[in-house]
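Q: Here are the chains, one letter per residue:
Number of protein chains: 2
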Amino acid sequence: MPEEYNVTIIGFGTVGAGVADILLNNSEVITRRSNVKLNLKHIADLDITTDRGIKIPDGILTTNTAEAIKDADIVVELVGGTTVAKKFILDALNNGKAVVTANKALLALHGEELFAAAEKSDSDLCYEASVAGGIPIIKSLREGLAANRIRRIYGIMNGTCNYIITRMERENADFASVLADAQKLGYAEANPSLDIDGFDTAHKTAILGSLAFGKWFGLDPVHVEGIRDLDSRDIVYAQEMGYRIKLLGVIKNDEGKVQMRVHPTLIPRDSLLANISDVFNGVMVEGDNVGQTLFYGRGAGRSATASAVVADIIDAALNLKTGAKRRIPAFRPGAQFEQVLPMKDITSRYYLRLEVKDCPGVIASITQILADRNISISSLIQHETKTEAHSVSLVILTHPAPENQMNAALAEIGVLSINQSPVKLMRIEDL
Amino acid sequence: MPEEYNVTIIGFGTVGAGVADILLNNSEVITRRSNVKLNLKHIADLDITTDRGIKIPDGILTTNTAEAIKDADIVVELVGGTTVAKKFILDALNNGKAVVTANKALLALHGEELFAAAEKSDSDLCYEASVAGGIPIIKSLREGLAANRIRRIYGIMNGTCNYIITRMERENADFASVLADAQKLGYAEANPSLDIDGFDTAHKTAILGSLAFGKWFGLDPVHVEGIRDLDSRDIVYAQEMGYRIKLLGVIKNDEGKVQMRVHPTLIPRDSLLANISDVFNGVMVEGDNVGQTLFYGRGAGRSATASAVVADIIDAALNLKTGAKRRIPAFRPGAQFEQVLPMKDITSRYYLRLEVKDCPGVIASITQILADRNISISSLIQHETKTEAHSVSLVILTHPAPENQMNAALAEIGVLSINQSPVKLMRIEDL
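Respectively, the protein sequence lines represent chains A and B. First residue of the first sequence? That's 31 in our numbering, and the numbers climb one at a time after it. First residue of the second sequence? That's 31 in our numbering, and the numbers climb one at a time after it.
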């Protein structure tokens, strides 16, 4: 007979309903596969009357979160946000319950406090669903690739941004119109800032970077740029030069220092990562032994996220069953690299687009400024432009250069009278 | 202080050397990440004198396998083959040792006997490296996606075949010449049959299919066709129609029956799976909740395979440390589907290429035979051919049709006097 464990879900939203759905409808296959029986004990929410499109048996829905936690072996926090969600998780841990959460923002901001509480109460705290939805990337990084020194991680981890960029590329459309349509279709929030300004990707980048390098860095050292200023011209020019633009979480071991940054990035057009489209997520992990791996799937949505949440519930239940609580703790410090490299100190290849007056000496003066900074050009295309009269688009790809040198060069270029609009800069990663 | 576990490697070949390399050189990062210390206790092999390009400390190399097993907590079988390897694994299990193996052939043939021995001795038997090398596909399927009913798995799981097909496609070269070159370059064995005739992929398909559906099916029910007869013309024609050809392991839940088959398969050219090239492997897993996922990486080679072997060693060590032996047993029966569908009973889309006399009524007679069998044509192209005079290539893609109807139609077509050579048939999978 499989042992039975009571599961309480706090937060009856989209994902909460998806988790309940799996626990109610896939429990047989879960028991067959894992030999544990998961009982949906309670779903706690302030609103237990609105129809979520799923039939919940009587006696499960409750507004009494404290009781719901007490009755559970495993508590699933799906409230979201960083206030009450934190309280619920701490309450559950302090009551000795295993906790499963998908709350990337909370982990990125308050991870260390939560991990300490989990250690103090000798309980599991699992968060597979916090990064890349249904893709088992956290398990793969911590267990499947545990024999590797991680060199690089590149993640397309926000479906809303990837959807917008994909449509801008396919339809040669501008950001604002695609965003508006995405909001109509429900692919983007009414307030889209968390997604399109890169913060959501930054939360996930902070989590993966910390797991990869054994120190909980938190959100502060992650450099963040979103896609709000993405210009369809740059998508076209990038393609012309053999690249696609993606909003990437970039995590690197840079000679003993850690890089963690989020920004629109040019990557080779023929790479698998560049061909991950629409709302899908993909994470490339490079280890010293395994080489390059890639993990692809749905990064959001009711059922895909619920799939990861329930995988964590099963893991926690197996630990309870075998007496192996915290077999793999929420986070094990063991820093390989203590410091995060400031952006000014990174080295990168760059994409530059300048809108300049169409007059003699323009290219000479710009390339001279780059040359003075020892920044080498790998390719350059001048485009006629229809947007402004007597104006041309100058697109430059550089070889690797220090970011501070590039900033200095751009400052010099910026004051030239030939500029029709600010220089557009993006970074290039050759996978 | 991390607990220490002694590891014995049996078989000092390429992968064995890779595992030793990781245990000797990445032990610090492994201990940091997993809080267990792995000691390379012994490497047992008949030949302990040949240089494997790695410096092994004194006292580790031995020809005494029995002693090497006795001294270990975890035994790694990397001998390969299905005779002595089986004996070593059974000896280790019967001595209560945890066992890690990469031996897909042995598992496919004798899995149940090995699983029974592991259960009897209450020991772990881990085999992540047996499928798709460094890709943590077994852990992902059994743990990361444990909340899903598996619908379909498509795997490119043999690097040699994928390398050969990729080069045939890029260079429009014929199979024999690419194989010969691959053998020169060490990408193919002197006796390549295990790879190119599909048996290696079949072993992996048997393992994944059994894990997906909870019954150890073994190798017998897996239908196997290799790439030996792959014709570069078919690669070109497939591309023309929007497809690429890959040697796929196909695993499906077909209305309560299981499909397991290995054959060259046309898949949509723009799919991620179709864009996995050279020696790389990729496995697409579709679950009822997570939807489509894809796992990509190196499917073979010293370091990538060793990465998976060491991940298993760490898993086994963590189970020993937490007293959670067999937390996830080698195989847990819990059949969702008992039967494997015979090939004659499957339904598939088909690619047909006929070399026929260039004379009136040819298309009419062939399409009539298909129509009589209720086989519907989705597209048809007639190609002029330079190979034989008065001969044309007729390429037909069909809608889904029962395999037995297709076989019957091909039998009728085969006896037509218009045929210049046997009809070429391949199956199509639309991902």
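Worth flagging that the hints you see were computed from the coordinates, not collected in a lab. For clarity, every value in this text was computed on a predicted model and none was experimentally measured. There could be a bad hint or two in this list.
Capping the alpha-carbon separation at 25 Å, the derived lysine-lysine pairs in DSS-like fashion look like this [as the list claims (entries may be wrong)]: (1) B:K71 - A:K355; (2) A:K351 - B:K355; (3) A:K67 - B:K245; (4) A:K71 - A:K355; (5) B:K100 - A:K351; (6) A:K355 - B:K245; (7) B:K351 - A:K245; (8) B:K351 - A:K355; (9) A:K351 - B:K374; (10) B:K67 - A:K67.
Q: Taking each numbered hint in turn, which are not upheld by the structure, reported in ascending numerical order?
A: 1, 5, 6, 9, 10
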